[in-house]
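Heads up: the protein sequence lines correspond to chains A and B, in order. Just so we're aligned, residue 1 is where the first sequence starts under our numbering, counting upward by one. Just so we're aligned, residue 1001 is where the second sequence starts under our numbering, counting upward by one.
It is worth saying that the hints were derived from the structure and are not from the lab. Being a predicted model, the structure only gives us computed values, none of them experimental. Any given hint might turn out to be false.
[Claimed, not checked] Listed below are the simulated DSS-like cross-link pairs for lysine-lysine, each with C-alpha atoms no more than 30 Å apart in a straight line:
{"hint": "1", "chain 1": "B", "residue 1": "Lys1193", "chain 2": "A", "residue 2": "Lys200"}
{"hint": "2", "chain 1": "A", "residue 1": "Lys4", "chain 2": "B", "residue 2": "Lys1193"}
{"hint": "3", "chain 1": "B", "residue 1": "Lys1097", "chain 2": "B", "residue 2": "Lys1141"}
{"hint": "4", "chain 1": "A", "residue 1": "Lys4", "chain 2": "B", "residue 2": "Lys1197"}
{"hint": "5", "chain 1": "B", "residue 1": "Lys1067", "chain 2": "B", "residue 2": "Lys1054"}
{"hint": "6", "chain 1": "A", "residue 1": "Lys193", "chain 2": "B", "residue 2": "Lys1054"}
{"hint": "7", "chain 1": "A", "residue 1": "Lys200", "chain 2": "A", "residue 2": "Lys111"}
{"hint": "8", "chain 1": "A", "residue 1": "Lys197", "chain 2": "B", "residue 2": "Lys1141"}
{"hint": "9", "chain 1": "B", "residue 1": "Lys1067", "chain 2": "B", "residue 2": "Lys1141"}
{"hint": "10", "chain 1": "B", "residue 1": "Lys1197", "chain 2": "A", "residue 2": "Lys193"}
[As the list claims (entries may be wrong)] Coverage of chain B stretches by chain A, computed from C-beta distances (three or more under 8 Å per stretch; other residues unrestricted):
{"hint": "11", "region": "1084-1090"}
{"hint": "12", "region": "1174-1186"}
{"hint": "13", "region": "1213-1224"}
{"hint": "14", "region": "1270-1282"}
Glycine included, each C-beta is placed from N, C-alpha and C at the ideal position.
There are 2 protein chains.
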Amino acid sequence: MTTKQRILVSEVGPRDGLQSIQPVMPLEAKKAWIAAEAAAGVAEIEVGSFVPAKLLPQLADTAEVVKYARTIPGLAVAVLVPNLKGAEAAVEAGAHKLTIPLSASETHSLKNVRRTHAQMLDEVRGIVALLRSLPAARRPKFEGGLSTAFGCTIEGVVAPDKVVRLAEQLMEAGCDEVGLSDTTGYANPAQVKELVKRVKAAVGDHALSGLHLHNTRGLGLANVLAGLEVGITTFDSSLGGLGGCPFAPGASGNVVTEDLVFMLEAMGLETGIDLPKLLEVRRILRDALPTESLYGFTPDAGLPLGFVPATPGATPGPQAGAAAGVAA
Amino acid sequence: MTTKQRILVSEVGPRDGLQSIQPVMPLEAKKAWIAAEAAAGVAEIEVGSFVPAKLLPQLADTAEVVKYARTIPGLAVAVLVPNLKGAEAAVEAGAHKLTIPLSASETHSLKNVRRTHAQMLDEVRGIVALLRSLPAARRPKFEGGLSTAFGCTIEGVVAPDKVVRLAEQLMEAGCDEVGLSDTTGYANPAQVKELVKRVKAAVGDHALSGLHLHNTRGLGLANVLAGLEVGITTFDSSLGGLGGCPFAPGASGNVVTEDLVFMLEAMGLETGIDLPKLLEVRRILRDALPTESLYGFTPDAGLPLGFVPATPGATPGPQAGAAAGVAA
Chain A
1 MTTKQRILVS EVGPRDGLQS IQPVMPLEAK KAWIAAEAAA GVAEIEVGSF VPAKLLPQLA
61 DTAEVVKYAR TIPGLAVAVL VPNLKGAEAA VEAGAHKLTI PLSASETHSL KNVRRTHAQM
121 LDEVRGIVAL LRSLPAARRP KFEGGLSTAF GCTIEGVVAP DKVVRLAEQL MEAGCDEVGL
181 SDTTGYANPA QVKELVKRVK AAVGDHALSG LHLHNTRGLG LANVLAGLEV GITTFDSSLG
241 GLGGCPFAPG ASGNVVTEDL VFMLEAMGLE TGIDLPKLLE VRRILRDALP TESLYGFTPD
301 AGLPLGFVPA TPGATPGPQA GAAAGVAA
Chain B
1001 MTTKQRILVS EVGPRDGLQS IQPVMPLEAK KAWIAAEAAA GVAEIEVGSF VPAKLLPQLA
1061 DTAEVVKYAR TIPGLAVAVL VPNLKGAEAA VEAGAHKLTI PLSASETHSL KNVRRTHAQM
1121 LDEVRGIVAL LRSLPAARRP KFEGGLSTAF GCTIEGVVAP DKVVRLAEQL MEAGCDEVGL
1181 SDTTGYANPA QVKELVKRVK AAVGDHALSG LHLHNTRGLG LANVLAGLEV GITTFDSSLG
1241 GLGGCPFAPG ASGNVVTEDL VFMLEAMGLE TGIDLPKLLE VRRILRDALP TESLYGFTPD
1301 AGLPLGFVPA TPGATPGPQA GAAAGVAA
């Protein structure tokens, strides 16, 4: 990490954030949010989930959101799909990337999607068949997202062997890549390093590029640092830390995009994101979701005086001084 | 870090926390706090500061606090001293460790203690002469604490060369060790690693053992992880994140002791601290300081189901399940 390395910050707020809260964000606000983050330089956004509207009314307009997001030049439009039916809808709408969640804890899988591991892997094979039937130019990338990879609130400890085996099975079933999710906020940096190394050793360096980390116990950014040190280059996060665990009041769930980008840029790692512009996007959330708490330390504290971001052209200049003045 | 390594968590709340807030904590509450944290296994506590009572009325009873804390078996009693006069009072009270803050930013030094670097180094030499006149058994350890080492809200960037030179001068003046403080919450993990390596190279591995990190921009624990990876074994923190920067509302200043201990223990690093017992100490703060916000994620989220701490005998057992149940 001595030269400027490029890190992909994948915003998941419009999916993981909005599915975790009570209010339904209007379609126009979703569009404004996605457009503003893309304009700030965010290159990938998970914009929704193709699940039945009666289960998640907050995401019922995902097809429309995908169609809009696709019109933004350069933006990779990602969605979650729980099954083949969802994948068909995602392909129809034109998503660039599909992620299917597979819970390493089978108890959690049964509770969450009412399917065993074997049933989920069948679903994965069905989706792979669908995607391979498409012309290459229209074929979205397909990721298997291993949730509860670092522990489960029902099963407790999740054996690394099980996670490694499931990662292998997802790749064997035809996924392009796998990701690891700390759904429960149980992960610690030593565990992140160990599990990433083991999964990479099993499926290959390039098949594991991403981590989805939570900040439930405050370790989110420390776990990101651990991931960076074992070669992870994609990190999920949520603007304002929106979403995550609704069962732990006061504890933000997802890693906060603003703090993550600040850490990476301060470390000399290019995100391509203009931090002052990103901080301004919070206003859209505040206006559209007035009853929700927004998290993040950097938005409150402002940027350090003299802060030089890694991303060229995103130098905050006088704004940094103004922001730092708050904390002077 | 593959075998269980011992890490010293140095609680600074009774000094750094209490000096940053308006209310004055009664002496009895301070004693109860210190006793409870020591009983939970915290081995070093900075209990106060020998500064004029008119400047910091919150710490006017420091001599009494030191005398009480000395009666707790096994507890290392640390204090801050701004000058020779403070050091004399600290020796008289019987503190085991004295830290003098030297701000790497001379502008900050002038504003904070109205002294230049040269004047502060004279003060250090005076204190060293005092300490060397004491019988070895009564001689406290003396640390030079380099504040604003990672940046200053007035000067902005602080050159690493300047920090290295001041560390050398502190050791030349007779300090036993130096510490680095991210007073402003400007540090990032890459910077922590680089500066620690440079200072260790200049003054020797054992002369730099401690980091005092803030969580102003949410990077506190990531910076701790960076420190661990370059051999730092002592970390300051504050229960409930009390204190730190009063100018950034909503942003906790100090690294939160509860979250720090959770991270270290989860990583297999022994702190000697019983985490469930530590979490209970928050009640003393809540009762004694009802108007203050307490920070920390682990206290809200509870310990993970099946959590096994590194410290032997501190296995939370059924309590972990109960706490995790909140987030299940």
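How the hints compare with the structure:
1. Between Lys1193 (chain B) and Lys200 (chain A), the direct Cα distance comes to roughly 26 Å. Compliance with the 30 Å bound is thereby established for this hinted pair.
2. The suggested pairing of Lys4 (chain A) with Lys1193 (chain B) holds, with an alpha-carbon distance near 17 Å, which does not exceed 30 Å.
3. Distance hint between Lys1097 (chain B) and Lys1141 (chain B) is fulfilled; the C-alpha atoms sit about 5 Å from each other, no more than 30 Å.
4. For the hint linking Lys4 (chain A) to Lys1197 (chain B), the alpha-carbon distance of about 20 Å falls within 30 Å, and the restraint holds.
5. Between Lys1067 (chain B) and Lys1054 (chain B) the alpha-carbon distance is near 21 Å, which keeps this suggested pair within the 30 Å criterion.
6. Of the supplied pair hints, the one linking Lys193 (chain A) and Lys1054 (chain B) is violated, its CA atoms being roughly 50 Å apart against a limit of 30 Å.
7. Using a Cα cut-off of 30 Å, the hinted pair Lys200 (chain A) and Lys111 (chain A) holds, with the two alpha carbons roughly 28 Å apart.
8. A C-alpha spacing of about 42 Å is found between Lys197 (chain A) and Lys1141 (chain B), which places the hinted pair above 30 Å, so the restraint is violated.
9. With a C-alpha separation of about 17 Å, the suggested pair Lys1067 (chain B) and Lys1141 (chain B) falls inside the 30 Å cut-off, and the hint holds.
10. Our distance criterion of 30 Å between C-alpha atoms is met by Lys1197 (chain B) and Lys193 (chain A), whose separation comes to about 22 Å.
11. Check on the region 1084-1090 of chain B: 0 of its residues sit with their Cβ under 8 Å from a Cβ of chain A, so the three-residue criterion for coverage is violated.
12. Evaluation of the coverage hint for the region 1174-1186 of chain B: fulfilled, as 3 residues show C-beta separations to chain A shorter than 8 Å, against a requirement of three.
13. Counting residues of the region 1213-1224 of chain B whose CB lies closer than 8 Å to any CB of chain A gives 8, so the stated coverage by that chain holds, three being the minimum.
14. Using a Cβ-Cβ cut-off of 8 Å, 0 residues of the region 1270-1282 of chain B lie near chain A, which falls short of the minimum of three, so the contact claim is violated.
When held up to the earlier numbered hints, the structure conflicts with 6, 8, 11 and 14 and fits the remainder.
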